[in-house]
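S.K.: What follows is the residue order along each chain.
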Amino acid sequence: MVDLIKKNSKLLRESLFSSVGSSVLTIATTYLVINFFRGMLGFALTSDKDWLAVLNNMQLYMVQAYPEEDFIRVWLSVGLTFVLAGLSIGIWRSDDRVKSSQVFNSLFKGGLGVLFFTIIAPTNSSFMGNDGSVITEEVFSMDTRLGILIPVAIFCAIFFSLRFTNIDFSVNSSDMVFFYLFIPVALLWFIKLPTIQLDQNNERIIPDPVMPIAETTKIPWTVIFVSFLVSYFVGMYLKNIKSIKSIMSLSWFLLPLLIFSWIFKKPQIDMSVVLGSDLPVFGVFLLWGFLVITFVNNTIFKKYYSAYLGVTFLLTLVGVFSGLPMLAKTCLLLIALFSVVVPAVSTSSQGKRSLLIVWAVALVTLTFLLRGGASDSGIVVPGSSIFGGFSLTWLLAIFGTYVSFPLGVLLALGRNSKLPIIRIVCTGIIELTRSVPYITWLFFASVTLAVFLPAGVEFNLIVRVLMVTAFFSGAYFAENIRGGLQSIPKGQYEAADAIGMSPFQKISLIIMPQALRAVIPTLVSSAITAFKDSSLVTIIGLFDFLTIGKTVIGNQSIPVNFVGHDRENLIFVAIVYWIFTFTLSRRSMKVEKKLGLGER
Amino acid sequence: MSIIQTKNVKKWFGDFQALKGISMDVAEGEVLVIAGPSGSGKSTFIRCINRLEQHQEGQIIVDGIELTNDLKNIEAIRSEVGMVFQSFNLFPHLTVMQNITLAQIWVRKKNRSEAEEKAMELLERVGIPEQAQKFPGQLSGGQQQRVAIARALAMEPKIMLFDEPTSALDPEMIKEVLDVMKELANSGMTMIVVTHEMGFAKEVADRVMLFDDGMLVEENTPEEFFNNPKSDRTKLFLSQIL
Numbered sequence: 017m018v019d020l021i022k023k024n025s026k027l028l029r030e031s032l033f034s035s036v037g038s039s040v041l042t043i044a045t046t047y048l049v050i051n052f053f054r055g056m057l058g059f060a061l062t063s064d065k066d067w068l069a070v071l072n073n074m075q076l077y078m079v080q081a082y083p084e085e086d087f088i089r090v091w092l093s094v095g096l097t098f099v100l101a102g103l104s105i106g107i108w109r110s111d112d113r114v115k116s117s118q119v120f121n122s123l124f125k126g127g128l129g130v131l132f133f134t135i136i137a138p139t140n141s142s143f144m145g146n147d148g149s150v151i152t153e154e155v156f157s158m159d160t161r162l163g164i165l166i167p168v169a170i171f172c173a174i175f176f177s178l179r180f181t182n183i184d185f186s187v188n189s190s191d192m193v194f195f196y197l198f199i200p201v202a203l204l205w206f207i208k209l210p211t212i213q214l215d216q217n218n219e220r221i222i223p224d225p226v227m228p229i230a231e232t233t234k235i236p237w238t239v240i241f242v243s244f245l246v247s248y249f250v251g252m253y254l255k256n257i258k259s260i261k262s263i264m265s266l267s268w269f270l271l272p273l274l275i276f277s278w279i280f281k282k283p284q285i286d287m288s289v290v291l292g293s294d295l296p297v298f299g300v301f302l303l304w305g306f307l308v309i310t311f312v313n314n315t316i317f318k319k320y321y322s323a324y325l326g327v328t329f330l331l332t333l334v335g336v337f338s339g340l341p342m343l344a345k346t347c348l349l350l351i352a353l354f355s356v357v358v359p360a361v362s363t364s365s366q367g368k369r370s371l372l373i374v375w376a377v378a379l380v381t382l383t384f385l386l387r388g389g390a391s392d393s394g395i396v397v398p399g400s401s402i403f404g405g406f407s408l409t410w411l412l413a414i415f416g417t418y419v420s421f422p423l424g425v426l427l428a429l430g431r432n433s434k435l436p437i438i439r440i441v442c443t444g445i446i447e448l449t450r451s452v453p454y455i456t457w458l459f460f461a462s463v464t465l466a467v468f469l470p471a472g473v474e475f476n477l478i479v480r481v482l483m484v485t486a487f488f489s490g491a492y493f494a495e496n497i498r499g500g501l502q503s504i505p506k507g508q509y510e511a512a513d514a515i516g517m518s519p520f521q522k523i524s525l526i527i528m529p530q531a532l533r534a535v536i537p538t539l540v541s542s543a544i545t546a547f548k549d550s551s552l553v554t555i556i557g558l559f560d561f562l563t564i565g566k567t568v569i570g571n572q573s574i575p576v577n578f579v580g581h582d583r584e585n586l587i588f589v590a591i592v593y594w595i596f597t598f599t600l601s602r603r604s605m606k607v608e609k610k611l612g613l614g615e616r
Numbered sequence: 034m035s036i037i038q039t040k041n042v043k044k045w046f047g048d049f050q051a052l053k054g055i056s057m058d059v060a061e062g063e064v065l066v067i068a069g070p071s072g073s074g075k076s077t078f079i080r081c082i083n084r085l086e087q088h089q090e091g092q093i094i095v096d097g098i099e100l101t102n103d104l105k106n107i108e109a110i111r112s113e114v115g116m117v118f119q120s121f122n123l124f125p126h127l128t129v130m131q132n133i134t135l136a137q138i139w140v141r142k143k144n145r146s147e148a149e150e151k152a153m154e155l156l157e158r159v160g161i162p163e164q165a166q167k168f169p170g171q172l173s174g175g176q177q178q179r180v181a182i183a184r185a186l187a188m189e190p191k192i193m194l195f196d197e198p199t200s201a202l203d204p205e206m207i208k209e210v211l212d213v214m215k216e217l218a219n220s221g222m223t224m225i226v227v228t229h230e231m232g233f234a235k236e237v238a239d240r241v242m243l244f245d246d247g248m249l250v251e252e253n254t255p256e257e258f259f260n261n262p263k264s265d266r267t268k269l270f271l272s273q274i275l
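Protein chains in written order, with our numbering: chain A, 17 to 616; chain B, 34 to 275.
Just so you know, these hints were derived from the structure itself, not from any lab. Treat the hints with caution; some may be incorrect.
What the hints assert, rightly or not - Below 25 Å or equal to it, Euclidean Cα-Cα: the simulated SDA-like pairs (lysine to any residue) are:
#1 LYS368/A x TRP139/B
#2 LYS167/B x LEU611/A
#3 LYS368/A x ALA109/B
#4 LYS319/A x SER146/B
#5 LYS142/B x VAL361/A
#6 LYS143/B x LYS606/A
#7 LYS208/A x ASN218/A
#8 LYS261/A x LEU127/B
#9 LYS506/A x LYS43/B
#10 LYS606/A x PRO125/B
#11 LYS522/A x LYS167/B
#12 LYS142/B x ASN256/A
#13 LYS53/B x GLU252/B
#14 LYS522/A x LYS43/B
#15 LYS261/A x VAL150/A
Throw the hints in and build the complete structure from the sequences for me.
M.R.: In structure tokens, the structure reads:
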């Protein structure tokens, strides 16, 4: 015990007060941090702030005006994501173990932090009243302070003394996820807060009755938590199935498409279109793929294969700008790409068979998703989009990254290509998109883009925004990835050539994995920028997370007057953004560390 | 029957002529050592044989296939010619095992267990089976070069090219690599070795060549080359390095 204190005080002296200069810096910074914290907390706690403006509007924050009778769709989307996450954690369960002493230590340190900040919390704080006078009031009474200090001190003491017992066990680090998730779900049931309630005359009941938070969401969240747990065990059970990992990766790829085309959107299906157009198109392309796979090794067909490829690409180009249904256009593009791959894979009959299965599954999935995405939505919402609030921010962030990342990879490769036309086009796209501000592109999406699309083609505003976002952040991703490509020594290309790899294999197996690994930090910072920049869509009339807090709630007068309470909302929005971006950057640091293995 | 034939091969880098007409034959199972001062074109020449560099004039025929711009021919030749580089060029993001199995799986279309079996066999042959699950960055230079040899052998090539395989190694590691190469030579592999290791040339080579200024100056048996060289240039070279 004495040794421990001695060791720690020595450490403290060496790291914080090693010289006069560093002592001054340490003290000055500590003073600044403490005062910043006192100011913020005092600001947040004065009686002119109404935090109910945040708490009471959670639904608005999450889904804006999404109709309540369709909420089950929102819960399904969230639930499906958690089930998939549970399965993945089960399948990729790590063997890392967290020691009990580590857990106790971090709980003890956390408790110490709370103690410290409770002690330095301000007692009084002042704000400006309506008449311009400065009002000072007590915001953190002695009772509150003691009410926090005593239990936390006991908590710290327990975990400090546990260090000296011989309790020693370890927990699988994947299992810890459930512990972290269990706490918030349990809290939903037990924490009670004052809530705004209206009586029969639509008058607010004063004082506000104290009710559990999340009266409406605790049951869905509990169900989701349980299914998460169940899928985790299922995942552990499925672990040894041969191709389960690629199936899971594919599911993650398809999940957002499924959610946005079928679950969140509630497509209105016209059966005559399905029978009259979708099924014939599906049949034609299935047959086409089947014929290509069957006759690919035929000598005559082989001889004219490059001519066939040329014709297919030409057809695709013509088809995209014709009046064909969306499904046919997409299938044309797909068969063109597919035909490029076929000769390389279908060397054996086994390869042919699996290729045919892949083709059929791809076609079924595509038809299914496109029918959902291209149909009208059955959800009736005032305004231009069914998405608003956090769901819009997420949609822009996820789809933005989802489309722009592969686009960035292609653009980066294109810019490094030896073929002059491809290089010039890719360089042009990158330079053009980067040289124009994002807001300009948003106006372009909302006002001008329709002019460039073929007659009769009309996209929802959100889709148009996604299109320009894909190119805009794609250009940034491309430049980051190009930086990574330049860091790969020439010897790597030569080594891949020397063992007989094709250009495609060389790029996808040797060069790209190394290039991406080298630029993870910049890629993550681009993704974070894209996430935050999604709040700019407010200027073209979309209601993202920030706009809900700042504009919508700031002007809310029914049923309760929250006008002028946008400061609380802005703080809340900032905290939520911070949580997501901070988590993202911490995760990426872990990934980096993991991939750094074997780096000299 | 010669497995490699070159006729009057010429190559320019811009205005600089690196190869000024090289004609030679290599018989199957022969071990050929190419020596010469730096900048003499010896590395460029063997890099032309598997098309890492493109020659502009002349003819290179490997195992009956002529090297032209036809990608099919280039791929066919590359899958028969293994290459070991001065700077190893292992893939740092893959383990030793993955380095050796990658091309077997993707180029030779073997299944994984077959490829891993072959890889273990080769790692035992080069003497480092215990390093299979490590990353290249965790190995010493000599071990990395032996992995590189195993990676090239995994493609079951008919010919092996060595481009100064020991030049980037510490002296005490050179021997372990040379031992592997000697074993390989004794097993009947056709080898072209660019090296400054004259001891290796004396002991293992069937023929020694001296390149200077993009030209083939001397071509001789090792005994004649070291004891009784024909040209003055060779005498000068030997006096400088021995």
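S.K.: If a hint holds in the structure, say so; if it does not, say that too.
M.R.: Checked hints:
Distance restraint check for LYS368/A and TRP139/B: the Cα-Cα separation of roughly 16 Å lies within the 25 Å cut-off, and the hinted pair is therefore satisfied. For the proposed pair LYS167/B and LEU611/A, the alpha carbon gap of about 13 Å is at most 25 Å, so the pair holds. About 23 Å separates the Cα atoms of LYS368/A and ALA109/B, which keeps this hinted pair within 25 Å; it holds. A threshold of 25 Å between alpha carbons decides the hint, and for LYS319/A with SER146/B the separation of about 35 Å lies outside it, so the pair is violated.
Restraint check: the Cα-Cα separation between LYS142/B and VAL361/A comes to about 10 Å, which is no more than 25 Å; the hinted pair holds. The straight-line distance between the Cα atoms of LYS143/B and LYS606/A is roughly 34 Å, outside the 25 Å bound, and the hint therefore fails. Between the alpha carbons of LYS208/A and ASN218/A the distance comes to roughly 23 Å, so the proposed pair stays at or under 25 Å and holds. Distance check on the hinted pair: LYS261/A and LEU127/B sit about 19 Å apart at the alpha-carbon level, within 25 Å; holds.
Taking the CA atoms of LYS506/A and LYS43/B, the gap is about 23 Å. The hint holds against a cut of 25 Å. With a CA separation close to 19 Å, the supplied pair LYS606/A and PRO125/B stays within the 25 Å bound. Between LYS522/A and LYS167/B, the direct Cα distance comes to roughly 22 Å. Compliance with the 25 Å bound is thereby established for this hinted pair. Restraint check: the Cα-Cα separation between LYS142/B and ASN256/A comes to about 24 Å, which is no more than 25 Å; the hinted pair holds.
A hinted pair counts as satisfied when its Cα atoms are at most 25 Å apart, and LYS53/B with GLU252/B qualifies at roughly 16 Å. The straight-line distance between the Cα atoms of LYS522/A and LYS43/B is roughly 29 Å, outside the 25 Å bound, and the hint therefore fails. The straight-line distance between the Cα atoms of LYS261/A and VAL150/A is roughly 63 Å, outside the 25 Å bound, and the hint therefore fails.
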